[in-house]
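Student: Just so you know, the sequences run in chain order A and B. 1 is the number of the first residue of the first sequence in our numbering; add one for each residue after it. 1 is the number of the first residue of the second sequence in our numbering; add one for each residue after it.
Check each hint, because a few of them may be wrong.
[Claimed, not checked] Result set (SDA-like, lysine to any residue): computed pairs, CA atoms no more than 20 Å apart in a straight line:
#, chain 1, residue 1, chain 2, residue 2
1, A, Lys119, A, Val42
2, A, Lys271, B, Arg195
3, B, Lys282, A, Gln270
4, A, Lys232, B, Ile344
5, A, Lys271, B, Lys275
6, A, Lys232, B, Arg195
7, A, Lys271, B, Asp243
8, A, Lys271, B, Tyr281
9, A, Lys271, B, Asp345
10, A, Lys232, A, Trp30
The hints are simulated quantities; they were obtained by calculation from the structure and are not laboratory data.
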Amino acid sequence: MQHKGWSIFFGVVLLASFLSVAISPLVGWWLPANVSSFGPDVDYLYYVILGFTTFFFVLTEALLVWAMYRFAGRPGAKGVYVEGHHRLEMLWTVVPGAILLYIAIAQIGAWERIKYQAKTPDADLVMQVTARQWDWTFRYADEPRPKDARTWAELPAIDDMYLPDELHCWKGANVRIYLKTQDVLHSLFLPQLRLKQDALPGKTIPMWFNATDFNARFNESTGQCELMDKSKEWEITCAELCGGGHYRMRGLLYVHETKDDYLNWLKHAQKAARSRQPEKKATPIAAKD
Amino acid sequence: MSSAVSFARMVRVLCLAIPCLLPFVSGCDLGPYPPELTYPLRSDPIVTSPPGLTRWDTTLPGQLDNHIVHLSDPELGGKTLDPAKLAGDKRQQIDQTLNEIFGTPAKPKVYLKGAEDDVKKQIDALKLDETTLEKGSVVYRRHCMHCHGVTGDGRGPTGPWVNPTPRDYRQGLFKFMSTAVTVNNRKPRREDIHRTLEHGIEGTSMPSFGLLEEHEKDELTSYVIHLSLRGECERYTMEPLLDGSGLEGTVREKVVDLLTDFLQAWTKSDTEGIKPGNFPYKENDQASIRRGYTLFTDPKGSASCINCHVDFGRQAPFRYDKWGTMVRPANLTGNVFRGGRRPIDIYWRIRGGIDPSQMPRADFDDKGANQALWRDSADPYWDLVNFVQALPYPSMLPDDVRDSVYGRRHEKATEHAQR
C-alpha cells in the first residue's frame, strides 16, 4: 500500500463526480422539460455527444487512476521508454476523427431546421428584442404579424408596445424574434425552448421557435397574466457574461394556451402602454411579515 | 519513506487545498448590511448653484468628483460648499443627530422622539416604518448599492463609470414625477418611484427591476425615500453652517425642523398628482400635431421648447443640472424617452417640467393670457404631447411639419433611410 494514497484519493473524487452526474436526472438537476418543437433534435444531439464523452471520460480516467495505482512508489524501478506505437496512434486518431465526422453530419438536420433563414417557417408572431446592461426589452407590434417584419425590426412604429422582461406568445405559434443589443455582447437563452442566440452589437439577428406547451393564462378581472402552476415558471436568461449585473438579466416566458388569450392580454397591455390617464392602481400592497 | 509518512503528507496537502477551494463552492450571499456600519457623513462638495453655461463636452468616466470640485472655478462660475470645512464639534453633532433619527444601514428608521401625531401619521402613510425600511435596505444593498451608494449619493463602486451618473437622492431632487405643480418642494409620489423601478430608465444604465417581488419594489421605494430624507436633512443642516449664515437653534432642532418640512412635502406630493385633461382628439390627429409643432417651435411662446431642444434636440448642447452633473435636452427625434413613453408620462413632463434638469414646465393654464391658444385648440397640452409622440416617426407627421423637421431632401427616400 506504499504511496498509493493519491491514486485512491483521485479515484474516489472521479468516481464521486461521475456518480453525481449519473444520479442528477433523478434528483432534478437535469435539463428542464422541453417545450419546443425542435427541442427533441437538440436533446438527441446532446445525448449522443454526452454518450461519447461519458464513454471516453470513464475509459481514460480509469486508465489514469489504474496507472497511478499500479506504478506508484517503486524505488529503483526503471522507466520504460515508448518511442512511438504506430497502430495505437492510428487508433486514437481515426476513432475520434470518425466520431467528429459522425457528429458533424448528424447535426446538419437540426441546424438547418433551427438556424437556416431559408427554412424558417412563416411567422405567426413577430417581436423585436433589445438587450442592454442589464435587462431585455421586448417590442411588440400593433398586430401580431407586421406586414414587412424585417423592415419593422429596424423601424419602430408609433403604436409599438415596449415591455421589459416579459416574452408573451401562444402555444403552437411560430414566433420570430429579431435580436439586437444596445451595448455589449449578450445571449438570449430560453432553456425550456432549447434556444440560445448571441446578440452582437450592430447586428439584427433573426431567430424563431414554436412552443408546444403553455404555462400562462390572462386573467381579465385582475388584468394580470397568471402562471398556471409555480413549477412552470419559464425563465429567460442571458448566457453571455456581460458585466456586473449579468446575473440579474432575467426575463419570463409566458406561453398562452390560445391565440385569443394572447390577443386579450395584448389588448390589455397595449391599453396600459397608451394610457392617457394616471393608472387607477393605488400604491402596491405593503410587505407582509 | 514509510506509507504512514506519505499518508500524513497527503492529508496535510489536502487540509491546505480544500479550504482554498471552498469559497468557489459556497458563492456569495449578500444579506443585510453589517450591524456596526453607520451612514458616513457627507464629504463631497454641496452644489448650491450650478454653472449657467452650456458646453459640448461632458464628464469623462470616473471623473465625477473631480468634475464637482471644479464647478466653483471662476471660469465656470458655479457655487459649492465643502463639508470638510465644518467644525469638528458640529460634524459630530450632525452625525449623532442623523444616526439617532435615521438609524444605521442595517437598522434604518425615521424616528422622531415625542413627535406630534400628524408627523407619525405622515411617517406611516409614506410607509417609513422600521420593518419595511429594514427589508428595503437588504434589497437595496443587493441590487442598487453598487451604483447608488450606501447613503444614496450615486457614488457606489460602479456609479462613477456610467453616464448619466446614477441619481444622488441626498438632494431630495427627482426628475420623473407626476406630482401636482401646486405642491411646494415637489417630491415624486410613491408610484413614480415604483414605476421607475418597474420599467427602468431607457437610454441610461438604470435597468428594469420589474421581476422583483411586488413587496420588494415597495420596500425599495420606502428605503429610497428614507435615504432622500436623511440626505436632504444632512445637506440643509450643513449649508447654513458652511455659508456663514449659521443656525438659529441647535443642530438637532434644525434637523427636526427640516425633517418635519420634508415629510410634509413628501406626503403632500404623494397625495396630489397632476390631473390631465381628457384627451379631446382622435388618434394621430394631424391638426393637433401641427398645433403642437407650432407651440414647440415658437421661441417666444409659453412653451418655447425649441430654445433648449435645439433642432428638436439633435443639436442641443450640454448644460449643468442641479446636481452639478451634465445633462442634455433630449433628442426627441431619437425615440428614446427616459421618463417613459406612454402619452401620460410625456404629459406629466410637459406639464410639470423636470425641475432638477432646469426644464421649465409649459404653462397654458391662464386662459385669459393664452386666449388664442385655447380658442384654436381643445387642449394645447395634448397638442404638444401628440407632436412629441409623433416626432420620431416621419410618416406620422403632416407633410409640411415633416419637411420642416426632416428636410425636403428626404422626400423620396424610404423612411428607413430618413432616420
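Student: Could you grab the alpha-carbon distance between A:Lys119 and A:Val42 and see if it respects the 20 Å cut-off?
Tutor: holds, 17 Å
Student: Could you grab the alpha-carbon distance between A:Lys271 and B:Asp243 and see if it respects the 20 Å cut-off?
Tutor: Violated - the C-alpha atoms of B:Asp243 and A:Lys271 are around 52 Å apart, more than 20 Å.
Student: Given the hinted pair A:Lys271 and B:Arg195, is their Cα-Cα distance within 20 Å?
Tutor: Distance ~16 Å between A:Lys271 and B:Arg195 Cα, so the pair holds.
Student: Given the hint that A:Lys232 pairs with B:Arg195, test it: the Cα-Cα distance must not exceed 20 Å.
Tutor: violated, 27 Å
Student: Under the criterion that the straight-line Cα-Cα distance not exceed 20 Å, is the pair B:Lys282, A:Gln270 satisfied?
Tutor: Given pair B:Lys282, A:Gln270 holds - Cα atoms ~17 Å apart, limit 20 Å.
Student: Quick one, are A:Lys271 and B:Tyr281 close enough, alpha carbons at most 20 Å?
Tutor: holds, 16 Å
Student: Please verify whether A:Lys232 and B:Ile344 have alpha carbons no more than 20 Å apart.
Tutor: violated, 35 Å
Student: Taking 20 Å as the top limit, are the C-alpha atoms of A:Lys271 and B:Lys275 close enough?
Tutor: Measuring from Cα to Cα gives roughly 19 Å; hence the hint holds.
Student: Given the hint that A:Lys271 pairs with B:Asp345, does the C-alpha gap stay at or below 20 Å?
Tutor: Between A:Lys271 and B:Asp345 the Cα gap is close to 14 Å, so the pair holds against 20 Å.
Student: For the pair supplied as a hint, A:Lys232 and A:Trp30, confirm whether the alpha-carbon distance does not exceed 20 Å.
Tutor: Holds. A:Lys232 to A:Trp30 sits at ~15 Å (cutoff 20 Å).
Hints 4, 6 and 7, counting from the list given before, are not met by this structure.
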